[in-house]
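Visitor: If you want the building blocks of each chain, they are given just below.
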Amino acid sequence: MREHILVCQYHENLINRLHHKQVVVKISDFEKIHPVCKQLNDVQVGLHCLMIQHNGSIASIPFHESWKGIPIAIYANEMGTMKELMGRLPLIRDLNIRIFLNSDLEANFTSLHIMASLGIECGLYFGNKEKINWELVNDLMTYAIYGKVNHAPLEPFYHLASHYNPEQHTDFNSVYFENPLTYLHIDHEENIAASSEDLDNKKFIAKGIDSLERISENNKYDEAIHAWQQFFLKPDGCAYCQAWRVCLGKFSESVKVNEGCKPFFVDMMEACDHFLSMQHKNKKKEVWQP
Amino acid sequence: MANILLTQQCVRSCPYCFAKKHMADSEPDDILTWDNLIYIADLMEQSGEMGISLLGGEPTLHPNFVDFCIYLLERRFHVNIFTSGIMGEKMFNECERVLSGINPDRLSFVCNVNNPDKSSFSELENVKRFLKTFGHLTTAGFNIYKPDFNFDFIFQYVNEFGLRRHLRLGLAHPIPGKHNSYVPIDKMKQMAQRLIDYLPVMERLKIKGGFDCGFPLCIFTEEQLGKLYKHNIGRLSFGCGPAIDIGPDMTVWGCFPLSNTHKKSIYEFDTMRDIRNYYLDLHQKVRTEVGGIFEACDDCVYREEQLCMGGCLAHSYNHFLNEPNIRFKEIYQ
Chain P
1 MREHILVCQY HENLINRLHH KQVVVKISDF EKIHPVCKQL NDVQVGLHCL MIQHNGSIAS
61 IPFHESWKGI PIAIYANEMG TMKELMGRLP LIRDLNIRIF LNSDLEANFT SLHIMASLGI
121 ECGLYFGNKE KINWELVNDL MTYAIYGKVN HAPLEPFYHL ASHYNPEQHT DFNSVYFENP
181 LTYLHIDHEE NIAASSEDLD NKKFIAKGID SLERISENNK YDEAIHAWQQ FFLKPDGCAY
241 CQAWRVCLGK FSESVKVNEG CKPFFVDMME ACDHFLSMQH KNKKKEVWQP
Chain S
1 MANILLTQQC VRSCPYCFAK KHMADSEPDD ILTWDNLIYI ADLMEQSGEM GISLLGGEPT
61 LHPNFVDFCI YLLERRFHVN IFTSGIMGEK MFNECERVLS GINPDRLSFV CNVNNPDKSS
121 FSELENVKRF LKTFGHLTTA GFNIYKPDFN FDFIFQYVNE FGLRRHLRLG LAHPIPGKHN
181 SYVPIDKMKQ MAQRLIDYLP VMERLKIKGG FDCGFPLCIF TEEQLGKLYK HNIGRLSFGC
241 GPAIDIGPDM TVWGCFPLSN THKKSIYEFD TMRDIRNYYL DLHQKVRTEV GGIFEACDDC
301 VYREEQLCMG GCLAHSYNHF LNEPNIRFKE IYQ
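Respectively, the protein sequence lines represent chains P and S.
Read in order, the letters of the first sequence are residues 1 to 290 in the numbering used here.
Read in order, the letters of the second sequence are residues 1 to 333 in the numbering used here.
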């Protein structure tokens with residue numbers, strides 16, 4: 001079993017205890033990028049990604065050349081204007097950055113469209129699930145998958161399409177570091193949870209960094225990674241949806257007031273099939289290798 | 001190069017305006033959205049066309065005008081803007097701050113100027129303010145709509161504001177079924193002579209005049225053609241072909257004077273070439289019905305050899321206005 005990547009808020013003492021682990025570190029200040037990287041390097045902790053919540057526009061971020069090579073996921077409120085971004089786009093494209101915008105603001109759908117078309121890797125994250133405008137999500141997905149002109153990958157659509165297997169289910173939550181098969185969440189007291197929400201709600205599955213070695217034998221962990229099976233114990237609902245395999249019931253609570261998820265994910269599956277067929281079509285002939 | 005209409009409103013009311021009909025029929029609040037701009041940019045890039053003209057109405061009336069320009073420039077398009085040069089203080093300041101330093105190989109303006117005698121004081125002041133800042137990026141455009149035109153004032157603009165030493169000469173064309181000012185066919189030779197009279201002064205000032213579409217070759221005498229040939233170093237055009245215009249509502253048409261006929265949705269085509277071929281084919285069909293603006297166009301050897309297209313197609317359409325529908329059906333659509 002592959003070792004889990006640990007997702008945590010930046011906490012100096014905790015980092016010191018995560019020797020040889022891979023981590024996603026959450027920070028909220030761009031000035032901490034270098035000190036955090038330095039500490040991780042000093043104590044031999046592998047950086048999977050820095051996750052930065054920025055309460056402002058992308059245009060207000062002080063992008064810097066020294067960030068080159070550092071994997072960063074930025075969650076921002078909005079894009080800002082082209083005038084404000086002018087001249088900085090080549091640098092942004094050069095950095096190892098993916099920018100996420102919230103679905104709550106409709107203008108963000110256009111912003112993501114703009115950024116992807118300018119070659120900036122970006123993604124949508126779902127805010128208030130009851131108020132998601134699924135038509136806009138669908139438009140963005142259509143551009144992400146069917147767009148004929150080269151553009152940057154748009155998440156989570158690209159992840160779904162590129163990891164899609166028609167015979168299995170595909171979980172796009174990895175894009176947000178929320179898939180317990182790969183990511184576990186830990187706080188400074190070494191409480192471990194299957195998701196950030198569980199960590200916030202103190203719904204822990206284990207305690208202590210050492211417990212990670214035996215996590216596969218942990219019943220709560222096993223329950224967490226098989227939580228999707230619960231949907232099949234109900235007489236109706238998400239498990240019976242045509243698009244179950246790419247959604248896995250992520251919108252089961254909001255579907256009662258906002259039914260748009262179903263047609264979207266049905267179209268998403270079609271797009272995944274299209275993506276797969278294009279990959280087969282464009283596959284280069286490969287002669288046997290020694 | 002396709003023309004994208006950012007707005008359908010204008011700040012002027014020129015007597016010759018051949019977009020008049022289109023503007024009158026359009027929703028004034030209809031402006032190009034970001035998503036549609038990206039769609040058009042994708043279509044053009046996919047078609048290998050990396051030059052875009054932005055126009056209106058007045059394109060600077062679009063609230064995202066400057067952002068659109070930056071976006072297209074970031075996508076490596078050459079952006080050409082058709083403007084009156086008349087804009088509000090805020091928009092002007094924004095344009096000055098952001099666009100005036102752009103490399104002239106990437107961004108250019110065509111400023112359509114009218115005779116100062118026919119313009120208000122504030123309009124003139126606005127135009128001069130624009131030319132003072134953007135002169136190095138700007139080619140003056142002048143639309144001829146009467147045979148006794150006068151563009152002396154442009155020479156002053158070129159010298160005072162450092163405009164590009166090229167003058168874009170447009171010939172106002174009729175809008176089929178509408179009234180606008182244009183040079184009547186029987187006065188075209190008089191207009192041609194007036195144009196030739198300007199050549200010595202243009203040569204002295206090293207300003208080249210270039211024809212926009214719709215000038216017929218035979219309005220010039222052999223001697224006049226010789227002078228034009230020398231003036232333009234052999235680069236003479238008497239063409240009339242589809243200049244693809246794309247409206248904010250994503251309709252396309254073959255050129256402004258014909259904007260009330262054959263509008264299609266851009267989504268009906270896969271590439272810019274498909275759009276161009278569609279209108280080229282249509283225009284050719286019309287020319288088989290009426291060769292050009294003169295009767296002699298039907299048998300003209302220069303038209304057959306495509307040295308001249310027989311003047312603006314809009315004149316030909318005027319033939320079909322009040323006749324029974326006896327020709328191929330697309331003509332009357």
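Hints were generated in silico from the structure; no laboratory data involved.
Since this is a predicted model, take the numbers as computed values, not measurements.
Keep in mind that the hints are not guaranteed to be accurate.
[Unchecked claim] Within a straight-line C-alpha distance of at most 30 Å, the following computed BS3-like cross-link-like pairs (lysine-lysine) qualify: (1) P:K148 x S:K227; (2) P:K285 x P:K262; (3) P:K148 x S:K263; (4) S:K178 x S:K285; (5) S:K132 x P:K83; (6) P:K26 x P:K202; (7) S:K285 x S:K230; (8) S:K227 x P:K83; (9) S:K227 x S:K146; (10) P:K202 x P:K32; (11) P:K283 x P:K256; (12) S:K146 x S:K20; (13) P:K129 x P:K26; (14) S:K178 x P:K83; (15) P:K203 x P:K256.
[What the hints assert, rightly or not] Derived coverage of chain P by chain S (criterion: at least 3 residues anywhere in the stretch with Cβ under 8 Å from a Cβ of chain S; other residues may be distant): (16) 145–157; (17) 161–171.
Heads up, the beta-carbon is just placed ideally off N, CA and C, and yes, glycines get one too.
Visitor: For each hint, tell me whether it holds in the structure or not.
Guide: Verification of the hints:
Of the supplied pair hints, the one linking P:K148 and S:K227 is violated, its CA atoms being roughly 48 Å apart against a limit of 30 Å. Between P:K285 and P:K262 the alpha-carbon distance is near 38 Å, which puts this suggested pair outside the 30 Å criterion. Between the alpha carbons of P:K148 and S:K263 the distance comes to roughly 25 Å, so the proposed pair stays at or under 30 Å and holds. Taken as a hint, the S:K178 and S:K285 pair is honoured in the structure, with Cα atoms around 23 Å apart against an allowance of 30 Å.
For the given pair, S:K132 sits about 22 Å from P:K83 by alpha-carbon distance, which is consistent with the 30 Å threshold. For the given pair, P:K26 sits about 18 Å from P:K202 by alpha-carbon distance, which is consistent with the 30 Å threshold. The suggested pairing of S:K285 with S:K230 is violated, with an alpha-carbon distance near 34 Å, which exceeds 30 Å. Proximity of S:K227 to P:K83 is assessed by CA-CA distance (about 47 Å); at most 30 Å being required, the pair is judged violated.
Note on S:K227 and S:K146: the hinted pairing holds, with a Cα-Cα distance of about 22 Å set against a maximum of 30 Å. The hinted pair formed by P:K202 and P:K32 meets the criterion: a straight-line CA distance of about 27 Å does not exceed 30 Å. Distance check on the hinted pair: P:K283 and P:K256 sit about 42 Å apart at the alpha-carbon level, beyond 30 Å; violated. With a C-alpha separation of about 18 Å, the suggested pairing of S:K146 with S:K20 holds against the 30 Å cut-off.
A distance of roughly 23 Å separates the Cα atoms of P:K129 and P:K26; the hinted pair therefore holds under the 30 Å criterion. Restraint check for S:K178 and P:K83: the C-alpha separation of about 41 Å exceeds 30 Å, so the hint is violated. Taken as a hint, the P:K203 and P:K256 pair is honoured in the structure, with Cα atoms around 25 Å apart against an allowance of 30 Å. Under a criterion of three residues with beta carbons nearer than 8 Å to beta carbons of chain S, the stated coverage of the segment 145–157 of chain P is upheld, 3 such residues being counted.
Counting residues of the segment 161–171 of chain P whose beta carbon lies closer than 8 Å to any beta carbon of chain S gives 0, which falls below the threshold of three, so the coverage claim is violated.
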